[in-house]
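Number of protein chains: 4
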Amino acid sequence: MTERVVLAYSGGLDTSVAIGWIADQTGAEVIACAVDVGQGGEDLETIRKRALACGAVEAVVVDAKDEFAEDYCMPALAANALYMDRYPLVSALSRPLIVKHLVATAKEHGASVVAHGCTGKGNDQVRFEVGVGALAPDLKVLAPVRDFAWTREKAIAYAEEHGLPIDVTKKSPFSIDQNVWGRAIETGFLEDLWNAPTEEIYSYTQDPSVPREPDEVIVTFERGRPVKIDGHPVTPLQAIQQLNRRAGAQGVGRLDMVEDRLVGIKSREVYEAPGAIALITAHQELENVTVERDLARFKRQVEQRWAELVYDGLWYSPLKRALDSFITTSQEHVTGDIRMVLHGGRAVVTGRRSESSLYDFNLATYDEGDAFDQSLARGFVELWGLPSKIAAKRDLRA
Amino acid sequence: MTERVVLAYSGGLDTSVAIGWIADQTGAEVIACAVDVGQGGEDLETIRKRALACGAVEAVVVDAKDEFAEDYCMPALAANALYMDRYPLVSALSRPLIVKHLVATAKEHGASVVAHGCTGKGNDQVRFEVGVGALAPDLKVLAPVRDFAWTREKAIAYAEEHGLPIDVTKKSPFSIDQNVWGRAIETGFLEDLWNAPTEEIYSYTQDPSVPREPDEVIVTFERGRPVKIDGHPVTPLQAIQQLNRRAGAQGVGRLDMVEDRLVGIKSREVYEAPGAIALITAHQELENVTVERDLARFKRQVEQRWAELVYDGLWYSPLKRALDSFITTSQEHVTGDIRMVLHGGRAVVTGRRSESSLYDFNLATYDEGDAFDQSLARGFVELWGLPSKIAAKRDLRA
Amino acid sequence: MTERVVLAYSGGLDTSVAIGWIADQTGAEVIACAVDVGQGGEDLETIRKRALACGAVEAVVVDAKDEFAEDYCMPALAANALYMDRYPLVSALSRPLIVKHLVATAKEHGASVVAHGCTGKGNDQVRFEVGVGALAPDLKVLAPVRDFAWTREKAIAYAEEHGLPIDVTKKSPFSIDQNVWGRAIETGFLEDLWNAPTEEIYSYTQDPSVPREPDEVIVTFERGRPVKIDGHPVTPLQAIQQLNRRAGAQGVGRLDMVEDRLVGIKSREVYEAPGAIALITAHQELENVTVERDLARFKRQVEQRWAELVYDGLWYSPLKRALDSFITTSQEHVTGDIRMVLHGGRAVVTGRRSESSLYDFNLATYDEGDAFDQSLARGFVELWGLPSKIAAKRDLRA
Amino acid sequence: MTERVVLAYSGGLDTSVAIGWIADQTGAEVIACAVDVGQGGEDLETIRKRALACGAVEAVVVDAKDEFAEDYCMPALAANALYMDRYPLVSALSRPLIVKHLVATAKEHGASVVAHGCTGKGNDQVRFEVGVGALAPDLKVLAPVRDFAWTREKAIAYAEEHGLPIDVTKKSPFSIDQNVWGRAIETGFLEDLWNAPTEEIYSYTQDPSVPREPDEVIVTFERGRPVKIDGHPVTPLQAIQQLNRRAGAQGVGRLDMVEDRLVGIKSREVYEAPGAIALITAHQELENVTVERDLARFKRQVEQRWAELVYDGLWYSPLKRALDSFITTSQEHVTGDIRMVLHGGRAVVTGRRSESSLYDFNLATYDEGDAFDQSLARGFVELWGLPSKIAAKRDLRA
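Protein chains in written order, with my numbering: chain P, 1 to 398; chain V, 1 to 398; chain D, 1 to 398; chain Z, 1 to 398.
Bear in mind the hints are in silico, worked out from the structure with no lab data behind them. Since the structure is predicted, the reported quantities are computational estimates derived from the model, not experimental observations. Watch out, some of these pointers could steer you wrong.
Identical chains share a label here; the pair holds if one copy fits it or two copies do between them.
[Stated by the list, open to error] Listed below are the simulated BS3-like cross-link pairs for lysine-lysine, each with C-alpha atoms no more than 25 Å apart in a straight line:
1. 154 <-> 65
2. 171 <-> 154
3. 228 <-> 65
4. 393 <-> 107
5. 65 <-> 49
6. 393 <-> 140
7. 320 <-> 393
8. 228 <-> 107
9. 154 <-> 49
Next comes chain P alone, as it looks inside the complex (with noise of 0.2 Å):
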């Protein structure tokens, strides 16, 4: 029997032209599959069409928003995953779902290979084929951008000669990733780290130097997820596209840093995430709320664990699945209302309340109805600093 190849399609140039080049130098049946995680651009429809003239056999197109939103990035929400504490991890959220999708496309269709187009400097490469090794330890993996030199030039010749249905005009200056949890911008100018990024690379954001009136939101949790925006039901999805919008709209969620990649090597990346840095932030706000103080504190460290894990290409890990455990344990109360004004690119919490609340006005009050019993500090302030009074004793006489 023919061997098949289920090959992770873009509709764009390069995974056009890998479809016939797949075919061409391994004799297999090439299976395209497109996952849509909300990246915009064209529809399934015209994709799989693409796909199919371009010589694949089989053209699988997934709607995959709503699964993204509910399994990927609501738990990233949970964690408030942010890697190297800025990076609300866009691509690195969407992999491991476009690996399930292969691994499901190459069961269903007998295909033994996955194939993919990523280079072999970025972090995708990783993600894709331990994500793959994880879910199906069984299937081949096929990189040929990386492990045949592949060039857009080479591309580009390929698709003329074939006379593939594919525009190889178009050129970004920048490698582009989106989806919506956010959009990654890389390579072009921004390789010089002393270059700022110019306004036309943003696409997600408005400037947020222009002046306009700020939007007052309120978001709804329940155990740690958005439920209700500004009163109105939404699914998370819903709740991550109308931040997008609304916090978008007033330049909220731009980052521009230097990112150590796993490979080794640091880049220079920017990203923009607006309902993403909204959601998380408010999401943290109701956690100081609602989250008892040493939980919170190892929360932290979890966190951290959390993001470089998934960075990294391990969700679909061991640890990954304990941390969610702990994760989900944490969220049981994190449940209420909190109050954001987005505006100038700020997404400042300005009120929180919840039924969970674990503030007591009246322990906090300095005002009448103080019930703090404040004749039970002196004992506690003694005890808590006796470690380091007994070991300035000794250092002392040192």
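Once you have looked at the hints, place chains V, D and Z on chain P.
Only chains V, D and Z this time, still in chain P's reference frame:
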């Protein structure tokens, strides 16, 4: 010999009244000690005279602004110290310095007791008393406000009765603490978590939503410390002060959060720390460029613990010293320039350059000159994912 | 209605006297509650009758040995819980269970106060009171030994004066606490750190230096819990008891250490916990075989925090619940057999076998059948070391 | 000029053959470099002559035993370095030292390549190559066994064909690596996890189950380093060697475990490290006496990371340097005596005394002289448990 008490003196109503009150209650001589950490307000000489007029046998005033910037703010900057990822430890940093001068004053003037005016439900009592215990374990501590349940009403009555030279009519609805690293505002209507802060509570920062021209600044760091601003040499104190002015004028550094106090309750706090936030923002990005990945990842845990320790009053603890050793070593190469735009409440890094950079253009670029050997990636990815893959074989079987 | 106090009752002198004393001092009715966690000694009925004879209006006795093993010791085993890497949390585990029964008794009998006999410098007062606060925040706590400075002398006098049916002559020179998970011995000549423990202080373990025949045992685990010993099904309680006997007979599980108490002091503690140490030893090695590397590495941090939390009296805390979720997930595949030799004070693992093993003979062997593709290593090593190499180029230049 | 290769030379079959083979294959001149880290066996002069006889143009031999003990074993002791809580990093510690001498030899003799004989599935290839990359990023690395798929059979054939002065008949069924810090045994029948080790695989330790007289020893530490044994001054090397002898004679320090290799597989390893285990046991307990609680708790995390880093080949990494700074500071007061009994495979601490002790008899004792103010406890306990209590009120309501 008459017992002597060193009182942490601010010049305000409560501690002015405390001078006489302590003398009355204990028969001790009171020595007032006022430390300038950049809190502004009256000059030290005025404060000194008032202490004497209120009955102090000695009044010691110390301009500790440079010491505070050098020895307390700079380590906090190296640690990117943000308690709960937000609060730059404004009050928590000044307390150990004030304690240091109280203890020195006690030694110089033969006092056996140190007194402070903190209440029993805040963090500062802990910082004062644990600090005293660590620097001078034999000194006793007196906390009249906490242990004798003082009230403002009693203080006013006492001041009027004794004709103390202090204005008893001024009363902020808020509790405020400020120094060169920032300003803290609490109580009043802020005790209702749903109330937004109003513009008049701020003093270090302008309204970020007012349109104005952006301000671009270049901060030069050496081993993690700011040494130049726009090319002009600065001391740590000058760096903070200049950025307080420039970042404050753009509304940078306002924070509004619910915070976990050491005494076990949650409280609402508003801060403004324009210089601190601008410096930390710049410093973090310079670290992204100059600090190796594994070191950067572990340093985040060290930073969190450092901030918790200092917040929790353990500045003079053995763990703090060991964490400082780690951090000092980590700053060895944190040298270079960061360009930022201050505008609309945001401090945005737009450029970085460093002789110590670990960013290697030739390894990072996707352009000509790419020196990264992509053939290495396949083996890396395979072994990186091997534990997940082996686990997957087991788990899928189950 | 007369107030009612539930007293944690042991049957010994101090708590027998406390019954009448509390009644005298407070006018309340005292309900004695004794919980059997495997401490041995008198039977529950004898204890119950003594409580009534001493003046209790009710005496509740609970055989909680199985509950203790199931719900307290098994989670500790899953966590490999060793405070300071040594102490298996003997007393720290039983306190929350006792608290649970005190609270239940208080609810059932309409009591508004819980009383315990702990001193003010140990850990147990914290475990009792924090536990009560977490299970029944409205109950008050009475700690007569601590808050009214009781002494043994006063207790004896009271007992003799009131003719209480309790032997006042027996007096161990040590303070001892024991349950099925182990036994703690402190005070007496052990307070001198240079004194070695003597043989007569031990009760669960034989002298390990006496020559005797080794004992080989096979423990079978399912999801981290012992389910069979030498092929015979056991409950958790039976597993601990059988290993207490067999490992104890070989002198396994003696510990002698200086320990950091929560109240800020160091103390000398001697423990014997033959079953606990044997089980933890076996469990750790089974985890080595069945738990993936990254999960195992992070779990060590979780284990340390878990042990600290439980030691520090925070069994019923939100963080503890979240850590338990992590641990439960981590145990999913900790299933298999561990063969150990118990001998001469050592529990030595000599064999492991598991259907869930992640050890892959074909990948590990250097013999025929080696399936490891060594050609992958070069790329892995190169990229693994790349951050160090790039840093070295910078550092060597400097 | 002819290229020169520095080969890590052991004197054994594989590396003796490698001399000629590398010369043949690459046309380079081979310089053999043998480093004595206490592995025993032939003397350095014999090894040096064999290298020359096998065709090396130079043969450099280095007695690095003291350097190894001072600069590699002592930091490991300060870190209580036990990978996976068990393995004292025997081989992992020697590799960076050997690399240091290889690199120095390469510089001295103008070599541009370093060669080692490691396979592609172990950890040592990583330690060699990452180490070389960190000390001399411009040197190339050659790994003939891994990259050219050498086998023992080919090596024997080559040796016989070329008449090399090396005995090809001796063949251990095990793979062994040893140095003064310990000895590692793997492969052979140990690859079956159910097989127990047999007595003949051990060399540093006697059978612990044979009855013999106990041996009592007093180790004196200064700042975490052993400086005297039974009152007699020792160098670090002497301390390790003497305890290897004395603890080894009592069967102390045998380990048998399944271990997570960096390359992603699990392997079975048996170790014996009598001196290392005895020293770490003593050092840990001296830390219990002299290190403050919070520092001790955080140091455990540092220790774990330190052991992982060194195991993973990152001795010369920026993070390692920063962790060392932390650890050095932590050892400031780790000074004093530990008395241990070595017997029956166990090193048991029986006494500790230190001028730097933080154990305060007067605070700890329950006897006369008790200086602990128990009245402080109530307030401490109440505020310590307040977050749990507030959370409980919320959770019980839900």
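Subject >> Violated hints - listed by number, lowest first >> reply: Violated hints (numbers, rising): 1 and 8; every other hint is consistent with the structure.
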